[in-house]
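S.K.: The chain contents come next:
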Amino acid sequence: MPGSPCGLLLDYKTAKFSLTRNRRVGLLHRLLQLSALGYLLGWVLLLRKGYQERDAAPRVAVVTKVKGAAPAGAAGRRLWDAADLTWPPQGENVLFLVTNFIATAQQAQGTCPESPSVLDAMCTEDADCPMGNPVVHGNGIKTGKCVIFNATRSTCEIYGWCPVENSTLPRKPLLAEAENFTLFIKNTVHFTKFNFSKCNTLQTSDPSYFKSCTYDPVFNPSCPVFRVRNMVEAAGEHFGDLALLGGSIGVLIKWDCNLDHPAAQCQPQYFFSLQDTRYNFRTASYYWGSQRQLYRNLLKLYGLRFDISVHGQTTRLI
Amino acid sequence: MPGSPCGLLLDYKTAKFSLTRNRRVGLLHRLLQLSALGYLLGWVLLLRKGYQERDAAPRVAVVTKVKGAAPAGAAGRRLWDAADLTWPPQGENVLFLVTNFIATAQQAQGTCPESPSVLDAMCTEDADCPMGNPVVHGNGIKTGKCVIFNATRSTCEIYGWCPVENSTLPRKPLLAEAENFTLFIKNTVHFTKFNFSKCNTLQTSDPSYFKSCTYDPVFNPSCPVFRVRNMVEAAGEHFGDLALLGGSIGVLIKWDCNLDHPAAQCQPQYFFSLQDTRYNFRTASYYWGSQRQLYRNLLKLYGLRFDISVHGQTTRLI
Amino acid sequence: MPGSPCGLLLDYKTAKFSLTRNRRVGLLHRLLQLSALGYLLGWVLLLRKGYQERDAAPRVAVVTKVKGAAPAGAAGRRLWDAADLTWPPQGENVLFLVTNFIATAQQAQGTCPESPSVLDAMCTEDADCPMGNPVVHGNGIKTGKCVIFNATRSTCEIYGWCPVENSTLPRKPLLAEAENFTLFIKNTVHFTKFNFSKCNTLQTSDPSYFKSCTYDPVFNPSCPVFRVRNMVEAAGEHFGDLALLGGSIGVLIKWDCNLDHPAAQCQPQYFFSLQDTRYNFRTASYYWGSQRQLYRNLLKLYGLRFDISVHGQTTRLI
Chain E
16 MPGSPCGLLL DYKTAKFSLT RNRRVGLLHR LLQLSALGYL LGWVLLLRKG
66 YQERDAAPRV AVVTKVKGAA PAGAAGRRLW DAADLTWPPQ GENVLFLVTN
116 FIATAQQAQG TCPESPSVLD AMCTEDADCP MGNPVVHGNG IKTGKCVIFN
166 ATRSTCEIYG WCPVENSTLP RKPLLAEAEN FTLFIKNTVH FTKFNFSKCN
216 TLQTSDPSYF KSCTYDPVFN PSCPVFRVRN MVEAAGEHFG DLALLGGSIG
266 VLIKWDCNLD HPAAQCQPQY FFSLQDTRYN FRTASYYWGS QRQLYRNLLK
316 LYGLRFDISV HGQTTRLI
Chain P
16 MPGSPCGLLL DYKTAKFSLT RNRRVGLLHR LLQLSALGYL LGWVLLLRKG
66 YQERDAAPRV AVVTKVKGAA PAGAAGRRLW DAADLTWPPQ GENVLFLVTN
116 FIATAQQAQG TCPESPSVLD AMCTEDADCP MGNPVVHGNG IKTGKCVIFN
166 ATRSTCEIYG WCPVENSTLP RKPLLAEAEN FTLFIKNTVH FTKFNFSKCN
216 TLQTSDPSYF KSCTYDPVFN PSCPVFRVRN MVEAAGEHFG DLALLGGSIG
266 VLIKWDCNLD HPAAQCQPQY FFSLQDTRYN FRTASYYWGS QRQLYRNLLK
316 LYGLRFDISV HGQTTRLI
Chain S
16 MPGSPCGLLL DYKTAKFSLT RNRRVGLLHR LLQLSALGYL LGWVLLLRKG
66 YQERDAAPRV AVVTKVKGAA PAGAAGRRLW DAADLTWPPQ GENVLFLVTN
116 FIATAQQAQG TCPESPSVLD AMCTEDADCP MGNPVVHGNG IKTGKCVIFN
166 ATRSTCEIYG WCPVENSTLP RKPLLAEAEN FTLFIKNTVH FTKFNFSKCN
216 TLQTSDPSYF KSCTYDPVFN PSCPVFRVRN MVEAAGEHFG DLALLGGSIG
266 VLIKWDCNLD HPAAQCQPQY FFSLQDTRYN FRTASYYWGS QRQLYRNLLK
316 LYGLRFDISV HGQTTRLI
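Residue numbers (the working numbering), protein chains in the order written: chain E, 16 to 333; chain P, 16 to 333; chain S, 16 to 333.
In short, the hints are calculated from the structure, not lab data. Please note: incorrect hints may appear among the correct ones.
One copy or two, it doesn't matter: identical chains are merged, so the pair holds either way.
[Stated by the list, open to error] Straight line, CA to CA, 25 angstroms or less: simulated DSS-like cross-link-like pairs of lysine-lysine:
| no. | residue 1 | residue 2 |
| --- | --- | --- |
| 1 | K269 | K80 |
| 2 | K201 | K315 |
| 3 | K160 | K82 |
| 4 | K213 | K226 |
| 5 | K187 | K208 |
| 6 | K226 | K160 |
| 7 | K80 | K315 |
| 8 | K201 | K213 |
| 9 | K208 | K269 |
| 10 | K160 | K80 |
| 11 | K226 | K80 |
Just chain E, with the same shape it has in the complex (with noise of 0.2 angstroms):
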């Protein structure tokens, strides 16, 4: 019944086809389908890997750990260990070690002359100190006198916690040593998308393997305990000149792996990069003198921030 809507719905339509049998014509129309299935192979499956799943947002854990013991060059005969020069405590990832530092002892509320590097802080006579409001860029608030800072110099006197801080950095650093010192860094990842998970240290039953351990490329891939002047010098920077006045390393975690292949070909690589080369910080400890007066401890400290970022991605085929 070719009539009938159930037989239209079973009719097959096709166009009329005219042939051509002319090889230019004939080349030139396999040539532009030649492009076109290059372009799907080439750009959409091999290049843009059209046939993969991907998961690019791991949730992420990082967890640091300093270990090490440094003599103090100039400050005397004295050992800092690892709970005395990383900072903050409980390894996150952000973490720094002390390399230089100013110490200002037993810095109590009073007057004293304002440190000449600050801006506006030298003065000749008491007009140049107008008694005034609190300090953006100073220590303290002007109390309107001139006062001699040393024997060339005389700054405005101020209010605040005196005396001033010294703005003189010795010429080495006092921690030269920290170069020795070893950063342990555990990195775990997890794939939502493909349940996967992988840590970036070896999984092993000897508990003294990561005491021992140093991390190599090569060697020691599955061990990332890195040596502070090894990071130093992969991000092309000499210890020595960071130590002085600080920097700021970034430490790049890339995990970059095929699930179709075995979990332990899926190994993270490590890069080291200088985001900044100065960086220091202030703080300060409190504690009461014998005649109930605060005083505090201020240290202005100069060393190396690490900061860990982790990229991931995984593929799979669809």
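Please build the complex by placing chains P and S on the supplied structure of chain E, with the hints as guidance.
M.R.: Below, chains P and S alone, put in the same frame as chain E:
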């Protein structure tokens, strides 16, 4: 040889066409073609920017530094500087600036009346205070006695750090001058896909530039030194309101760069938003008394918490 | 004017068709068409949700607060509260709760026998202890002598902070009551693409609500106050096991919201997972003795580290 395999490969087969010379049908046909072209040009190319490559996952480094000095209002003539008021000191992407506090000095382990602000601390007789387990929302373990807290109220006696914290906050922020503090935010982004890095600070050889400039979106976009009060106001709040009970401010640094334009045009924008109208935490420091008894000073700190986040994307013609 | 340019533009050219009335060929043809339609509807629309817009990169703010008080088991009658046991105090997305510790009080710079737990510290004569460089995995610099550590063992003498830490841990966690501490997690997400913000806490006018509620996925999903013990058990562990040597717990807050539904239905889910079965770090505090000698108290802290991460996505019809 039209029948040979090679001949077949070079044949050109095309559909037979019939040509209709009807203006209505022809117009409709062209309109359909135009709308397909319009979709391609308008949506895929212009709105979705299908002709561009995009990297929206930069590596980000943020270093912050707070500067300033403020006299404490009620606490007598005392001047606090950034080292006293900033937390943590090392300048990460979450930082805290104290604007108010409750200090409880010289707590020692012992017994004392619980604070009346604790939920079930009020009592009229000993039976209201069952001797018990450590309380989760109180300050210690109930000893089983009901004792006088002050002239009008009795509360359960506890064993713990005594005396307990006084829960009345000063009516004015003690460190109201913290509004004039400045926050320096140094932010570097690195787009791996295009190997493009950019910092939000001016590339200058003048070391004192960042000591004297203040951010202005029009005149000083390359000086990311922000006055605290300005940030609070950009988030739609008054500094005085937030300073009393603390608050949390989100700082968003947004990079949206077209790498086909000169790199100098790639500048971040800064957005400030209120995340919370209260923020406080407690911290303690410990010391030993003359009779080898452990004391602590407890501080409940109210203040501004700044959460700095960075969103970035760069695009480039394919 | 069929031959004019405008006429050509409005011509309608279509292929000539031949109609085959063959049920088998027709059926095959319709099946091919149905499978193409099925792919479009099933894969592109239903599985890949091609009809939706998606934002999977929210801005995230996390504020945490620990509450509780616990008596220390072996260390005599002493009560510790959240300010004593939480680290860092300011409540970020990584936080640490002490459950056990080794305290080494009153260390000073000097010479003493190295700990026998250090790899190459054991010795029988002075020749086993070459006077030398700072040791990375030990506690100081070897002086060249072999000295008696205790009745059964001799170790190399070192110069450093003395006495060295005693490496024997209490057999029971000193702060086992920390299981009853609570962790309040306040999390706000903001989806820029849809300008949609949501907080995981109930919008309530009752200030004491979060002081008395505890999270329950069914009855209290809007009260993100988690009991520590419950979190550890949700991660598949026993609190007592982790408390002894510490551990790391991942907390995942997952938002998956459909903005075409009411905003009240947009609620996060909480997932807890074990990241590591050991976690500890050392921290030191410093003080001056009566003869101006520097001392430090060293603490090796074991405990629970909570890593809070937020994953969010929202979808909306295009």
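S.K.: For which of the previously enumerated hints does the structure constitute a violation, in increasing order of number?
M.R.: Hints 5, 10 contradicted; others consistent.
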